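Chemist: Chain residues, written in single-letter form:
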Amino acid sequence: MVDPLVALLVFAGVCVLGAALAWPRTGLLARVARASRLTERVLLEDAMKHVYTCEAIGRTGTLESIAGQLEVSTGKAAALLSRLTEMELVHTDEAGTRLTAQGRDSALRLVRTHRLWERYLADRTGVPAGEWHAEAERMEHTLSPAEADALAARLGHPAWDPHGDPIPTPGGELPAVERLTLAAAAPGRTVEVVHLEDEPREIYDALLADGLGLGARLDVRERSESTVRVRARGREWPLAAVVARNVSVRYLPVGESADEPAETLLDLDPGQTGRVLDISPACSGSQRRRLLDLGVVKGTEVVPELVSAGGDPVAYRIRGALVALRREQAEWIRIEKASVPAEASA
Amino acid sequence: MAGVASPGCASCAEHRTQSLVRLGLSPDRWDTLIALAGNPNTGKSTVFNALTGLRQHTGNWPGKTVVRAEGAFEHAGKRVKIVDLPGTYSLQAGSTDEEVARDFILFGRPDVTVVVVDATRLERNLNLVLQILEITDRVVVFLNLMDEARRHGIGIDPAKLEKELGVPVVAGVARQNAGIAELIATAADVSAGKRKTSPLRVVRYAPDVERAVSELLPVVESVYPEVPNARWVALRLLNADEAVQEAVRSGELGQLSSSAGDAVPTIPPELERQRLLEAATRLRWDLPADFHDVVTQHSYEAAERVARAAEVSGLKRAGFAFDRTLDRALTSRTLGFHLMLLILAVVFWITIQGANVPSSMLAALLIDDGHTWLKGLAASMGIPWWLDGFVLDGVYLATAWVVSVMLPPMAIFFPVFTLLEDFGYLPRVAFNLDSLFKKAGAHGKQALTMCMGFGCNAAGVVATRVIDSPRERLIAIITNNFSLCNGRWPTQILIATIFIGALAPASLGGVVSAAAVVGIALLGVTMMFVSSWLLSRTVLRGEATSFSLELPPYRPPRILQTLYTSVIDRTLIVLWRAVVFAAPAGAAIWLISNITVGGGTLADHLVGWLNPFGLLLGLNGVILLAYVVAIPANEIVIPTVLMLTVLTTGVAGGSGAGVMFDTESAGATEAILRAGGWTLLTGVNLMLFSLLHNPCSTTIYTIFRETRSAKWTTVATVLPLAMGFVVCFLVAQVWRLVGGV
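The listed protein sequences derive, respectively, from chains A and B.
Going by the numbering used here, the first residue of the first sequence is number 1231, and it counts up by one from there.
Going by the numbering used here, the first residue of the second sequence is number 3, and it counts up by one from there.
Chain A extracted, bound-state conformation (with noise of 0.2 Å):
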């Protein structure tokens, strides 16, 4: 028989190797598959998806940028740009370095798969917003034309990626997009948010965290070289300009306000009616076509009539059928409430 504590101190050693082999992110295992994903392939792509992206805002790619942006030396960022020069990919001159017609193609195919990848976390899986972008960073790099085409199919072709950046054709086509940031938009102004940065990741937290989803409306109160105050749903308060800039929106016509009242379907008291609104920008995907098949759209009529025994879901008479929803559901669920009391209650 094995001594007992000898058993037990194998165990715990086991354990502990098993947890440093296999934690996630910082675990062996972990490590060695984020080094062999990091190939020399996968630098190129990215040096050449910086590029892309640098012109696309207008700037130039920089060895520096390169460097930056792919966290590698000065150096290695000299010899990834001297091997996609050799591969014709981009073109370096005394304006700086551009990418070539072929290297455009290859951008805009990895640009292709990212997009189409996040798109496909955000309707299909119930992956967290949050996680999207570095999901999609590694995948576009794994996917072949093939199979991002089949994905593209199977999602029925999107046009617009969640962040709300066009997907670019298999022909590599893309509509050219202007954008007004929310921190060059006129105070006064009424706006939506249509576009968001995926990166860095803790400005793009911040801003969904703040309900600055696709979609979300703003009032713009003041604006000044560091901050820019907004206001919606009753709320009032100041974003700082390098934040602003990661959002981009469009005005809507003069004389809408984003000032609605914040209300859901959580203010309501049992038995009082609540006219829909609409539905959060940040409930999407497949929670979004559930509610939307529900019956939850604009205008149908919602009363609270049981409270679980438990407290948490409550069930709303929901066009004649009784359907429980949970409390981040209903609070979802933007309502104001009917003057005239529901013959429900009565």
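Worth flagging that the hints you see were computed from the coordinates, not collected in a lab.
Source: prediction; values computed, not measured.
By construction, the Cβ of each residue, glycine as well, lies at the ideal position given by its N, Cα and C atoms.
Be careful, since some hints might not be right.
Derived contacts from chain B toward chain A, CB cut-off under 7 Å, selection only [stated by the list, open to error]:
id : residue
1  : Gln-299
2  : Phe-433
3  : Ser-550
4  : Asp-664
Chain A is already provided as a structure; the job is to place chain B on it using the hints.
Modeler: Positioned in the frame of chain A, the structure of chain B alone reads:
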């Protein structure tokens, strides 16, 4: 799809058969094909049963028919085939169910589509009806649950609804067979073209959507002039619906509208088809981002208009107050949980009490008398010992054992549970418990599949079909095994009586051992929550999730039909699967005990080989081997353990090598086990391992059938086994360290 695209014989019967085989329909001969569509929980399955006389399992649950059912009947000398499509809220092809339903209505080319509509939720049902009317004009609406609507003070005028929708509307109550004859006659008329329909297609969308549609519509009409639902095709192309795009690309689209006998429309030239697809792609850029929201909103607005027009107001709400009061009580903070525990306790009590007598009668009949009698018969016929041993001691005995232990509790538990389901109580339980399950990342309905698992894990896994959110359903499937099933209770009770009850004074022994068993069951529930939490945050976090829980109105349970269907559908099917797996296990058990290699039986070698590992886990080689060979059914673990102990240790007892047996009393069992080297630790760890080990093979197979994924089946199998190894190991080492034996 070369066969589909070839113009030669696109509308003849063979072609159609081909495209149906593609949709998974068996190509039998029939004259009329009916598709049955509708929202979840509208009584679609009941209508299906009423039409075909089949007893498909129906329940008061949204989302029952996940696997498509087919049936057939004869009407006026014609063979009618009917396909029950999955219940869906829409046909936007956002989920597999919706794709299956939509593809069948479009490409299966049913002669008529019957849409079952719940009269109590008219607006939501009409949303689906309107979507179907956009695809096909051969539609009959069956307005079901008219009695329930009346009870809730909702009156609907079928004639007005018919006028609004432009297709025949038949009102009825499928549960009472009311309106079914008329439905059949109407469907036959529509499919034969005797009744012309002019479906309502009024849905208009927001200006920017309409602009895109109006630009694309002429292109569709010029490329496919014969398509009757060009507007719908344009919309689906704008939505980049893959199936519709493929139909355009292959040219199949033009043929869908032609019925057999018509001239085959020619396929437009490839260039034209390409032009249409390109136009759609170009227009798609201009669509608003909330395209889908807008489309749904307008569909609902149209549904609301139709419903208002067809409604009869001023009825008395007779049953409404009753439902209200009942709901208030069953979901109240003070009463809700108590009532739930009381009801569940009663269900379990009925099961345990009721199963005792028939179980021992079956055991006496099949095992004691039956086996002895068959052995005698075999001996008198002079059958060789090995054949008689293999067939009777191996295959027969294992099967008989499984049947006698499994059948009675299931035949009681399932019908009682089904009655609660039929009445509509179970969704309320899910409603009450959801906040608890939400914390573990699971769905409230998992409470019910877990309860079902206490009867049988395989049945519990099947029951997870009511959970329509993919992530939560997988969680429920993978963790169902933590419900201590019917096959494991006897093991727990026996071991607890022998090893734990014996520690207490004789007068308290029963209580103590019962408490130990309940403790194990509660540990299982805890493990279920813990592993649900872990799964939802690790391997399953990427799976899609969409919570919804509909509380259907209460319906008076139909006792006789419930008894019939739950016995046929749940009990017998599960039993049959168990028997199919148990028979070979019996053979294996007999063979390892009787095949001798190098001076010992196979069982001797295997036990010796597994023993060191078993002892490390606080178990022994016999137990591990028993769990390996008895993987088909937990019921035969103890008989196998006893047989193997006698075989490998040479203790007196039993009926011979490879013959499973049970003793007359717990005392006799204890004597054998003690002689096999069992201690209190072995007993405790066996109870733990019986809870925490891989599911039986019936359940594993069921998990595979339900998930269609080797990955998730492996996770569901390995996860509890690994947990069992770790827990038993830790208990054993700590036990020995602290000074136990």
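Chemist: Give a verdict on every hint.
Modeler: We went through each hint and held it up to the structure:
{"no.": "1", "hint": "Gln-299", "result": "4 Å, holds"}
{"no.": "2", "hint": "Phe-433", "result": "5 Å, holds"}
{"no.": "3", "hint": "Ser-550", "result": "5 Å, holds"}
{"no.": "4", "hint": "Asp-664", "result": "31 Å, violated"}
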